[in-house]
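Asks: Okay, here's what each chain looks like letter by letter:
2 protein chains.
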Amino acid sequence: MTAESGGKRRVLRAIVVGLALALWFSPVPEGIVPAAWRLFALFLSAIVSVVIGAFPILTASVLALAAAVLTGVLAPAKAYSGFANGTILLIVVAFLVARAVVKCGLGERLGQAVVSLFGRSTLGLGYSVFLVDGVIAPAFPSNTARSGVLYPLVLSVAEAAGAGPGEGQHPRLGRFLMFSGIASLTVSSALWFTAMAANPLGAEIARGHGLNIGFGTWLAASSVPTLAAMALLPLLLYKVISPEVRTTPEAPRAARRALEAMGPLRAQEKIVAATFVGMVVLWGAAATLHIDSTAIAFLGLGVLLTTGVLTLGDIAKEGDVLATFIWFAVLFTLSAELNALGFMGYLGERLAGALGGASPLVAGLILVVAYVLLHYLFVSQTAHLLALFGVFLDVGSKLGVRLAPLAFLLLFATNFFSANTPQGSSANLLFAGSGYLSQGDLYRLGALTTAFNLGVYLVVGAPWLLLLSR
Amino acid sequence: MTAESGGKRRVLRAIVVGLALALWFSPVPEGIVPAAWRLFALFLSAIVSVVIGAFPILTASVLALAAAVLTGVLAPAKAYSGFANGTILLIVVAFLVARAVVKCGLGERLGQAVVSLFGRSTLGLGYSVFLVDGVIAPAFPSNTARSGVLYPLVLSVAEAAGAGPGEGQHPRLGRFLMFSGIASLTVSSALWFTAMAANPLGAEIARGHGLNIGFGTWLAASSVPTLAAMALLPLLLYKVISPEVRTTPEAPRAARRALEAMGPLRAQEKIVAATFVGMVVLWGAAATLHIDSTAIAFLGLGVLLTTGVLTLGDIAKEGDVLATFIWFAVLFTLSAELNALGFMGYLGERLAGALGGASPLVAGLILVVAYVLLHYLFVSQTAHLLALFGVFLDVGSKLGVRLAPLAFLLLFATNFFSANTPQGSSANLLFAGSGYLSQGDLYRLGALTTAFNLGVYLVVGAPWLLLLSR
Numbered sequence: 001m002t003a004e005s006g007g008k009r010r011v012l013r014a015i016v017v018g019l020a021l022a023l024w025f026s027p028v029p030e031g032i033v034p035a036a037w038r039l040f041a042l043f044l045s046a047i048v049s050v051v052i053g054a055f056p057i058l059t060a061s062v063l064a065l066a067a068a069v070l071t072g073v074l075a076p077a078k079a080y081s082g083f084a085n086g087t088i089l090l091i092v093v094a095f096l097v098a099r100a101v102v103k104c105g106l107g108e109r110l111g112q113a114v115v116s117l118f119g120r121s122t123l124g125l126g127y128s129v130f131l132v133d134g135v136i137a138p139a140f141p142s143n144t145a146r147s148g149v150l151y152p153l154v155l156s157v158a159e160a161a162g163a164g165p166g167e168g169q170h171p172r173l174g175r176f177l178m179f180s181g182i183a184s185l186t187v188s189s190a191l192w193f194t195a196m197a198a199n200p201l202g203a204e205i206a207r208g209h210g211l212n213i214g215f216g217t218w219l220a221a222s223s224v225p226t227l228a229a230m231a232l233l234p235l236l237l238y239k240v241i242s243p244e245v246r247t248t249p250e251a252p253r254a255a256r257r258a259l260e261a262m263g264p265l266r267a268q269e270k271i272v273a274a275t276f277v278g279m280v281v282l283w284g285a286a287a288t289l290h291i292d293s294t295a296i297a298f299l300g301l302g303v304l305l306t307t308g309v310l311t312l313g314d315i316a317k318e319g320d321v322l323a324t325f326i327w328f329a330v331l332f333t334l335s336a337e338l339n340a341l342g343f344m345g346y347l348g349e350r351l352a353g354a355l356g357g358a359s360p361l362v363a364g365l366i367l368v369v370a371y372v373l374l375h376y377l378f379v380s381q382t383a384h385l386l387a388l389f390g391v392f393l394d395v396g397s398k399l400g401v402r403l404a405p406l407a408f409l410l411l412f413a414t415n416f417f418s419a420n421t422p423q424g425s426s427a428n429l430l431f432a433g434s435g436y437l438s439q440g441d442l443y444r445l446g447a448l449t450t451a452f453n454l455g456v457y458l459v460v461g462a463p464w465l466l467l468l469s470r
Numbered sequence: 001m002t003a004e005s006g007g008k009r010r011v012l013r014a015i016v017v018g019l020a021l022a023l024w025f026s027p028v029p030e031g032i033v034p035a036a037w038r039l040f041a042l043f044l045s046a047i048v049s050v051v052i053g054a055f056p057i058l059t060a061s062v063l064a065l066a067a068a069v070l071t072g073v074l075a076p077a078k079a080y081s082g083f084a085n086g087t088i089l090l091i092v093v094a095f096l097v098a099r100a101v102v103k104c105g106l107g108e109r110l111g112q113a114v115v116s117l118f119g120r121s122t123l124g125l126g127y128s129v130f131l132v133d134g135v136i137a138p139a140f141p142s143n144t145a146r147s148g149v150l151y152p153l154v155l156s157v158a159e160a161a162g163a164g165p166g167e168g169q170h171p172r173l174g175r176f177l178m179f180s181g182i183a184s185l186t187v188s189s190a191l192w193f194t195a196m197a198a199n200p201l202g203a204e205i206a207r208g209h210g211l212n213i214g215f216g217t218w219l220a221a222s223s224v225p226t227l228a229a230m231a232l233l234p235l236l237l238y239k240v241i242s243p244e245v246r247t248t249p250e251a252p253r254a255a256r257r258a259l260e261a262m263g264p265l266r267a268q269e270k271i272v273a274a275t276f277v278g279m280v281v282l283w284g285a286a287a288t289l290h291i292d293s294t295a296i297a298f299l300g301l302g303v304l305l306t307t308g309v310l311t312l313g314d315i316a317k318e319g320d321v322l323a324t325f326i327w328f329a330v331l332f333t334l335s336a337e338l339n340a341l342g343f344m345g346y347l348g349e350r351l352a353g354a355l356g357g358a359s360p361l362v363a364g365l366i367l368v369v370a371y372v373l374l375h376y377l378f379v380s381q382t383a384h385l386l387a388l389f390g391v392f393l394d395v396g397s398k399l400g401v402r403l404a405p406l407a408f409l410l411l412f413a414t415n416f417f418s419a420n421t422p423q424g425s426s427a428n429l430l431f432a433g434s435g436y437l438s439q440g441d442l443y444r445l446g447a448l449t450t451a452f453n454l455g456v457y458l459v460v461g462a463p464w465l466l467l468l469s470r
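Listed in order, the protein sequences are those of chains V and D. For the first sequence, position 319 (counting from the first letter as 1) is numbered 319 according to our numbering, and the numbering increases by one without interruption. For the second sequence, position 271 (counting from the first letter as 1) is numbered 271 according to our numbering, and the numbering increases by one without interruption.
Here chain V stands alone, though its shape is the one from the complex:
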């Protein structure tokens, strides 16, 4: 780190600490209890510190938790309750389980198979990226983990098609394929309940507002607008980027060669495939059969460990999952307790007052658009969801907006606003760092993709959701 960036970080940290102290010691607004106000001071400072880059999210969460407990704002048992939350444990276990798809090679095989079938043209390659991503997505609760499967595939396809970032290397072809990776993740994550870590978290928050969202209800709600976006997005990017090469007859051959080199399905791949199919079937049936989704994930993990597809050595490399577990659990708990202490309701009333007079339809529209634009301030989709989703639901509820459609639109937005900026999701980072896309490309194509998705989910999705929730 340079002295300059160290100095800048010190200033940013001073700002955050100053903000926390200023809020903490400012008079408690009428209508809320002091504990709610102090917890808000800690929570907001933690979120702001992440947004402005003063602290990483783990550091900010751990410090906020310690401060909340040591100052007596939260009782220890409440403060740690997030760690035992079934939804959060589901994410943690599914992170570990997803590791097996990458490790056994099944993810790459699936990708090559799709390219061998649909990859004859540049546009077909673009669609194949979306198709592979969409098919594997329900087994990957981490869009970041999924980007780790998708990126090597996109890179090898780009290289096989002769695209490179330099002069005379068909840079627009490479740009099209690479940005298709980022754009695809926005919609594959929105399609499936289990395709992004924040989805089940959001469902958990929505449960607190009386909505019951599971694997099946999510898919029913997301299917129509998301499939529409998936069908149109590759074409839009193709028109806008206009790749130099439009036919790629060599791509299916390269994929077939790669598949031949892989040989027949190995035993480990069969085990992983069977385990995942079993898990997805059980997840789909969980609500009907009254079985616990988290226990299904634990069972899947147990099967993969028993069969030796995953080893203790594999788990030992997953310290990132522990870090995610900790900050997830902490921020989730702080947000939930803020809600339990009445703060979200208070904030909602204030915001509702500002939007007062708007019709429910206009209010809902403003809420969704504002929610998407605010993501320019966030580096984590989950942090954004944790900070704002509950409040926006509250406001919508107060203004008479139909809650189920609003909740789904905000939840889908939590997925598709990832393309706003290169840092809008860690799932973008591999593609953004590939060298095929400039910062200008990333912001321009990101804004375009987000605006297009917003349009599709409002124009196609909103009527569909209103129909479903009748």
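These are computed hints drawn from the structure, not numbers from a lab. Here the structure is a predicted model, which is why all the values come from computation and not from measurement. Any given hint could be a false lead.
Said to hold, decoys possible - Residues from chain V that face chain D, not an exhaustive set, calculated with beta carbons under 7 Å:
hint : residue
1    : Leu44
2    : Pro76
3    : Val321
Unchecked claim - Below, computed lysine to aspartate or glutamate pairings styled on EDC-like, alpha-carbon distance capped at 20 Å:
hint : chain 1 : residue 1 : chain 2 : residue 2
4    : V       : Lys270    : V       : Asp314
5    : D       : Lys103    : D       : Glu269
6    : V       : Lys317    : D       : Asp314
7    : V       : Lys270    : V       : Glu260
8    : D       : Lys78     : V       : Glu204
9    : V       : Lys398    : V       : Glu349
10   : V       : Lys103    : V       : Asp314
11   : V       : Lys78     : D       : Glu204
12   : D       : Lys317    : V       : Asp314
Stated by the list, open to error - Just the calculated beta-carbon pair ranges, DEER-fashion:
hint : chain 1 : residue 1 : chain 2 : residue 2 : range
13   : D       : Ala354    : V       : Arg207    : 45 to 55 Å
14   : D       : Gly208    : V       : Pro463    : 51 to 61 Å
15   : D       : Val33     : V       : Gly53     : 53 to 63 Å
16   : D       : Ala77     : V       : Ala22     : 34 to 44 Å
17   : D       : Ile366    : V       : Val33     : 55 to 65 Å
18   : D       : Ala354    : V       : Gly278    : 57 to 67 Å
19   : D       : Arg444    : V       : Gly214    : 54 to 64 Å
20   : V       : Pro34     : D       : Leu219    : 32 to 42 Å
21   : D       : Arg350    : V       : Val135    : 54 to 64 Å
22   : V       : Pro29     : D       : Val33     : 46 to 56 Å
23   : V       : Gly31     : D       : Ala77     : 26 to 36 Å
24   : V       : Glu30     : D       : Leu227    : 56 to 66 Å
25   : D       : Val33     : V       : Ala370    : 46 to 56 Å
Glycine included, C-beta positions come from ideal geometry on N, C-alpha and C.
Given chain V's structure and the hints, the job is docking chain D onto it.
Replies: Chain D alone, transformed into the frame defined by chain V:
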């Protein structure tokens, strides 16, 4: 893996599954509820599978948890409650915090400083191993993590003294130093509440029996017998192993050279030292000031992350801690629920019946000795504690044994029985794998050390504990 070991493992797994099914479908003994019996079938099978090597502890735990929830034996909220247990979270966070001591070099510096002061003779070197270990122990809740600091020190001291495992390399000198590492960990872990992961867990279980054990009460109870064992153990090993070399004038010089090469205390080492001193002071005062020990650990982690001593990259390597978190939380919960369902009490009554008629003193003696001998069957100190500690307390209670002394003796035994066998604790593995100690040495010296410790804790410890609990 060879085909033979794969075949053997399949047989072992078939045995465990057979055991689980046999217990599950056998008639429920009179006096307990069916859920308790089925949970016992799952818990016992998980423990047996670890003891006989059919499944690693993580796999066994995850499968038992999934089975318990999916069969309806445990409700999801209860089954996952261990993950939010403050004591377990304390261990998880302290594992991460301990990483900083190794990383910044403070652990090695402390070790070299002790050798430079006390390392003039072979016996002095042995004592210095015990001293270093005993001093750093309260900051290391993982005796395994601590062995990772101690082992490089012991190895470099052995090499500096000219000891090697081969002919003409003073093999007995090396054997003495290496086994001192294993022996030292048995007592350093018993000395401090926070020196071994199972200690706070045991205190948590003892709390369920009405005993309140914290940092200060533990130290008061452990100090007299443990310091006696620490004072005598190096001498015993020295007499029994009889090293070829008895004076090592070069060791203090080598240590001083190493210290000079390190230069003055670096900024990171100062931060870590200050953080640890702060944490140990706060832990010591936690009960008096009514502050939460786990929040203190989170604060320490936050400080180390903020100052950059620990980075997100360091945390990313700690997947092992996540695995430990999962199996700890699961086995702890299963054991606690078994207790809550009345099973431990039932088992205690049966065992008490078998020991009926014995005087409280004789009964207490038999319980402690049996508890130690049973560790020959266990590969994990924590699993042993989780399986038997609560039951033995129950039995002792029914037979009129004074509970506080019995609890402390069993808790100290949970630490010192680690030397029984090389696999009796993962903290032994570095020393056992050093090449300086044969399997014969390990079992022979292990039995000697355990028998000696058992004697000291019974002869010196029991009267001291009876005095304290008057």
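Asks: All the hints need checking, so say for each whether the structure fits it.
Replies: Verification of the hints:
The beta carbon of Leu44 (chain V) is not positioned within 7 Å of any beta carbon in chain D (closest approach about 17 Å), and the interface hint is therefore violated. Taken as an interface hint, Pro76 (chain V) checks out: its beta carbon lies about 4 Å from the nearest beta carbon of chain D, inside 7 Å. At about 6 Å, the closest approach between the beta carbon of Val321 (chain V) and any beta carbon in chain D falls short of 7 Å, and the interface hint on this residue holds. Proximity of Lys270 (chain V) to Asp314 (chain V) is assessed by CA-CA distance (about 19 Å); at most 20 Å being required, the pair is judged to hold.
Pair hint Lys103 (chain D) plus Glu269 (chain D) holds up; C-alpha atoms about 9 Å apart against a cutoff of 20 Å. Between Lys317 (chain V) and Asp314 (chain D) the alpha-carbon distance is near 11 Å, which keeps this suggested pair within the 20 Å criterion. With a CA separation close to 17 Å, the supplied pair Lys270 (chain V) and Glu260 (chain V) stays within the 20 Å bound. Among the hinted pairs, Lys78 (chain D) with Glu204 (chain V) is consistent with the structure: their alpha-carbon atoms are about 18 Å apart, no more than 20 Å.
Between Lys398 (chain V) and Glu349 (chain V), the direct Cα distance comes to roughly 7 Å. Compliance with the 20 Å bound is thereby established for this hinted pair. With a C-alpha separation of about 9 Å, the suggested pair Lys103 (chain V) and Asp314 (chain V) falls inside the 20 Å cut-off, and the hint holds. With a C-alpha separation of about 18 Å, the suggested pair Lys78 (chain V) and Glu204 (chain D) falls inside the 20 Å cut-off, and the hint holds. Straight-line distance between C-alpha atoms of Lys317 (chain D) and Asp314 (chain V) comes to about 11 Å, which keeps the hinted pair within the 20 Å bound.
For Ala354 (chain D) and Arg207 (chain V), the Cβ-Cβ distance of about 50 Å falls inside the hinted range of 45 to 55 Å, so the restraint holds. Roughly 57 Å separates the CB atoms of Gly208 (chain D) and Pro463 (chain V), a value that falls within the hinted 51 to 61 Å. For the pair Val33 (chain D) and Gly53 (chain V), the beta carbons lie near 55 Å from each other, so the given range of 53 to 63 Å is met. For the hinted restraint 34 to 44 Å between Ala77 (chain D) and Ala22 (chain V), the CB-CB distance of approximately 39 Å keeps it satisfied.
About 56 Å separates the C-beta atoms of Ile366 (chain D) and Val33 (chain V), a value consistent with the hinted range of 55 to 65 Å. Under the hint 57 to 67 Å, the C-beta atoms of Ala354 (chain D) and Gly278 (chain V), about 45 Å apart, miss the expected range. Between Arg444 (chain D) and Gly214 (chain V), the C-beta spacing of about 60 Å keeps the proposed range 54 to 64 Å intact. For the pair Pro34 (chain V) and Leu219 (chain D), the supplied restraint of 32 to 42 Å holds, since their beta-carbon distance comes to about 38 Å.
Taking the beta carbon of each, Arg350 (chain D) and Val135 (chain V) are about 56 Å apart, inside 54 to 64 Å as hinted. The hint said 46 to 56 Å for the Cβ distance between Pro29 (chain V) and Val33 (chain D), and at roughly 51 Å that hint holds. Separation of Gly31 (chain V) from Ala77 (chain D) is about 32 Å and conforms to the stated range, judged on CB atoms against 26 to 36 Å. Range check, Glu30 (chain V) to Leu227 (chain D): Cβ separation about 60 Å, and the 56 to 66 Å hint holds.
At about 54 Å, the CB distance of Val33 (chain D) to Ala370 (chain V) agrees with the hint of 46 to 56 Å.
In summary, the structure is inconsistent with hints 1 and 18 from the numbered list given earlier, while agreeing with the others.
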